[in-house]
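Q: The lines below spell out each chain.
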Amino acid sequence: MIRILFALLAALLFSLPARALEIQEVTSPGGLRAWLVETHDIPFTALEISFRGGASLDAPGKRGAINLMTATLEEGAGTMDAQGFAEATEALAAQFRFNVGDDTLDISARFLTENRDASVALLREALVNPRFDQTAIDRVRAQVLSIIASEAQDPNDIAGETFGKMVYGEHPYASSINGTAESVRALTREDMFEAKSRVMARDRVVISAVGDISAAELGPLLDSLLGELPETGAPMPEHVTPRLDGRVKVVEYDSPQSVVMFAGPGLKMDDPDFFAAYVLNQILGAGGFSSRLMDELREKRGLTYGVYTYLVPKDYAELWMGSFSASNEKVPEAIALVKAEWAKAATGAVTEAELRDAKTYLTGAYPLRFDGNGQIAGILTGMQMSGLPIDYIESRNEKVEAVSAEDVARVAKRLLSAESLTFTVVGKPEGLE
Amino acid sequence: MLRAFFVALMATTAFAPARAETVSHFTLENGLEAVVIEDHRAPVVVHMVWYKAGAADERPGKSGIAHYLEHLMFKGTDDLAPGELSKTVAANGGSDNAFTSYDYTAYFQRIAADRLELVMKMEADRMRDLILSEDDWKTERDVILEERAQRTDSDPRALFGEQKQAALYLNHPYGTPVIGWRHEMEALTREDALEWYRSFYAPNNAVLVVAGDVTPDAVRALAETYYGPLAPSPDLPERARVQEPLQLAERRVIFEDPRVAQPYVTRSYLAPERDPGDQAEAAALTVLAEVLGGNQATSVLGRKLVFGSGEAIYASAFYDGMSIDDTQFTLAAMPAADVGLPEVEAALDKAIAEFLAEGVDPAQFERIKTQIRAGEIYGRDNTEALARRYGEALASGFSVADVQGWPEALMAVTEDDVMAAAAKVFDRKHAVTGVLTRPEPTEVAQ
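Keeping their order, the protein sequence lines are chains A and B.
Under our numbering, the final residue of the first sequence carries the number 433; numbering is consecutive throughout.
Under our numbering, the final residue of the second sequence carries the number 879; numbering is consecutive throughout.
Isolated chain A, as found in the complex:
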């Protein structure tokens, strides 16, 4: 019975963030470039600083150095030891987060307008003058070693690690950014300084600011924060073509459920077919309860709590991935269904309703992302990382709208094939060939 689906579905054209975001490109007196959204509603600023390359810039034999270095940045700087730095941060009610991944090292800062200068001066010490005291390194190293040991016992992490080795060969993406117990134990204080100089350089920094700050204030702030960083660091990693040959690799693990991860070839964000693939992915497995895979595996058969697919356009590799967990005895049926749906999608046939619903979801959901200073700063950084133009937000939904059934069919035939779909299964699947 459909009567509640009233007229609204007829003409859905979503306006973009109604209070249109005005993004300014700011160039500091010292030449650092940043994107800024100035908004004075709340007296604080969200500042995102990201360095391209991330943990993939680990030197040969030093896997885990950049991760350990990142976690130790806030453990003492300038005249402050770790506790002194933490106390100073608390006293200013500033919030600093240091994170690293395969492609970026990210620093997220939130500071009150009333404490802006002091907060920036404090953060500058961590970025420019970290101490990397031996006691701090050893303390954080013990935490990293604990995480490495835990991940070796976690079925999701085992799946990720196994999968990385299967498809990425010798590339840094093939191994955990944490490193191994052996590589992390061997890291020295010198390695921390070296790791920092490989990744934290001005030629690879991306900056976004949102909040209670003007362009005139932001420029000098950035110079004081980042001006003393070296101009360049380690060369960027090479591109890698993932090895996707349709294997199903099982890692025995004693658990009532198996974790299943799968992937086929993906595409870059600046690929002309990216939006067609994005729409098709929504139909296939990203659309929650609206997706074909969720319908087949969960709604019709109760085989899993959830199944999702996602496009993974990393900086140096592209995948189309998916994952689910299922009870061991249900794994063969679930995998067969995923392959069947992949093969069906590969024909490129989508219904008019599927195409329309996917596009209205994607265009409608986009403006909803822009609801908070921190959120918006993250989006601006993502745009800059992907090399998108500063006016991208206004044209993005048009690109989704423009995707036709023919576009979807073309990209489906190009990328999807059940034969290349490569699986990692961690658990005790029953009856899997």
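The hints are simulated quantities; they were obtained by calculation from the structure and are not laboratory data.
Be aware that one or more of the hints could be misleading.
[Claimed, not checked] Derived pair list, reagent style DSS-like, types lysine-lysine, alpha-carbon separation capped at 27 angstroms: (1) B/571 - A/428; (2) A/268 - A/314; (3) B/857 - B/802; (4) A/300 - B/571; (5) A/62 - A/314; (6) A/428 - A/249; (7) B/783 - B/857; (8) B/571 - A/339; (9) A/399 - A/344.
[Stated by the list, open to error] A short list of chain B residues far from chain A (calculated; beta carbon distances all over 10 angstroms): (10) 580; (11) 594; (12) 606; (13) 631; (14) 685; (15) 687; (16) 751; (17) 758; (18) 821; (19) 837; (20) 873.
[Unchecked claim] Quick list of simulated restraints, FRET-style, between CB atoms: (21) B/584 - A/312: 22 to 28 angstroms; (22) B/857 - A/431: 54 to 60 angstroms; (23) A/180 - B/792: 42 to 48 angstroms; (24) B/832 - A/418: 54 to 60 angstroms; (25) A/121 - B/584: 40 to 46 angstroms.
Even glycine gets a Cβ: it sits at the ideal position worked out from N, Cα and C.
With chain A held as given, fit chain B onto it using these hints.
A: Showing chain B alone in chain A's frame:
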């Protein structure tokens, strides 16, 4: 520092902001209570309905029924086909979900502000008109069993937590897991679900929260149109759960699992919850948790165990007072590689004993107060979190004034209040000590 160990309780979460001027509150004639929070920075609205029914309201033997019904609420009504609500929300660019806790069950959608009417109409429809077909309920029971397998049975930490929680409560239903015990989940039926639905799903047992780019007048008009005509239930069950007896004996839970890579020890003390109109003690316990374990580098346990003796690689304290009945105050420590669990437990006890003798460091106390004040500013950036706090509180029997008085209650806490709360809560007769570890390797006979 690494934050991957436990879910960190950020200051901004514990120290909820609540600017009165953006919040309005009304009650419809049929008893539906509503809160509207205005935030016009983005054209987005969050629409939530909270039912005053959670896992702690279940009948013995029917564990998991509150959560099971939450799943079945997506299976359609006289006007909506199974799955149609979620599909319609998605086709309009929105997202929807639901969650079940001990004290409430909540449903929410996030969507463009001009689509509020669409989601409200559907949410109101399923408040009274749910239909469960023969096929759907059995498949969905498989789904919740898979959910339990994924979230609990596959994770030794979750299994350990479940056993420990069961040991903490001698009598109260908080000792039963929200998702349910597997053997009872397997026996849940369509009739059980419908009985639960008929008992609790009614406008006079629900709280509506709408937050975002809306005005109170417009929300009220829509609520009167869609929720207004729904009949209240004349015979709502009273939420009188069985209470804990006086606890006289400390308990220990030792959970061994070969999948455990990082052992740890954690102790939960039965602790008082926030009470409507009386939040002072819960505020003191909230500040106590921050003093003891808020930040690894500056908190008491971090200073003594991680930075001082180095016996732990991580130490913390947790407390969340938002609860209808007695809640818990929890300490946790992960031993360093060359330190045993008995040693780290002894170190934890020693640290607490020293703290009770030494008192609060005034400088640390002042910094925590600074962060409570700042939480009011940072918190304004996240309207959805604010909406959740109102929903959770009102569904748990608190008033809007209680929510708005919480930052004040936190700011009023003195060092003496913290020490008094600590002296009272750290009574091991009310506590469960839990140890999560690997089995000892067994010797192999040659």
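Q: Indicate, hint by hint, whether the structure satisfies it.
A: Here is how each hint holds up against the structure:
1. B/571 - A/428: Holds, because 25 angstroms separates the two Cα atoms, which is no more than 27 angstroms.
2. A/268 - A/314: holds, 8 angstroms
3. B/857 - B/802: holds, 22 angstroms
4. A/300 - B/571: holds, 10 angstroms
5. A/62 - A/314: holds, 22 angstroms
6. A/428 - A/249: holds, 12 angstroms
7. B/783 - B/857: Measuring from Cα to Cα gives roughly 17 angstroms; hence the hint holds.
8. B/571 - A/339: holds, 25 angstroms
9. A/399 - A/344: Satisfied, since the Cα-Cα distance of roughly 25 angstroms is no more than 27 angstroms.
10. 580: violated, 4 angstroms
11. 594: It holds; residue 594 of chain B is separated from chain A by about 16 angstroms at its closest Cβ, greater than 10 angstroms.
12. 606: The claim stands: residue 606 of chain B keeps its Cβ more than 10 angstroms from every Cβ of chain A (closest is about 24 angstroms).
13. 631: The assertion about residue 631 of chain B holds, with a minimum of 22 angstroms to chain A.
14. 685: holds, 23 angstroms
15. 687: Correct as stated: the minimum Cβ-Cβ distance to chain A is 19 angstroms, above 10 angstroms.
16. 751: holds, 19 angstroms
17. 758: holds, 29 angstroms
18. 821: holds, 14 angstroms
19. 837: The claim holds: residue 837 of chain B sits with its nearest Cβ about 18 angstroms from chain A, beyond 10 angstroms.
20. 873: holds, 17 angstroms
21. B/584 - A/312: 22 to 28 angstroms: holds, 24 angstroms
22. B/857 - A/431: 54 to 60 angstroms: Between residue 857 of chain B and residue 431 of chain A, where Cβ atoms are some 57 angstroms apart, the hint holds.
23. A/180 - B/792: 42 to 48 angstroms: Given range 42 to 48 angstroms: holds, Cβ gap about 45 angstroms.
24. B/832 - A/418: 54 to 60 angstroms: Given a distance of about 58 angstroms, which is inside 54 to 60 angstroms, the answer is holds.
25. A/121 - B/584: 40 to 46 angstroms: holds, 44 angstroms
Violated hint for the displayed structure: number 10, the only one.
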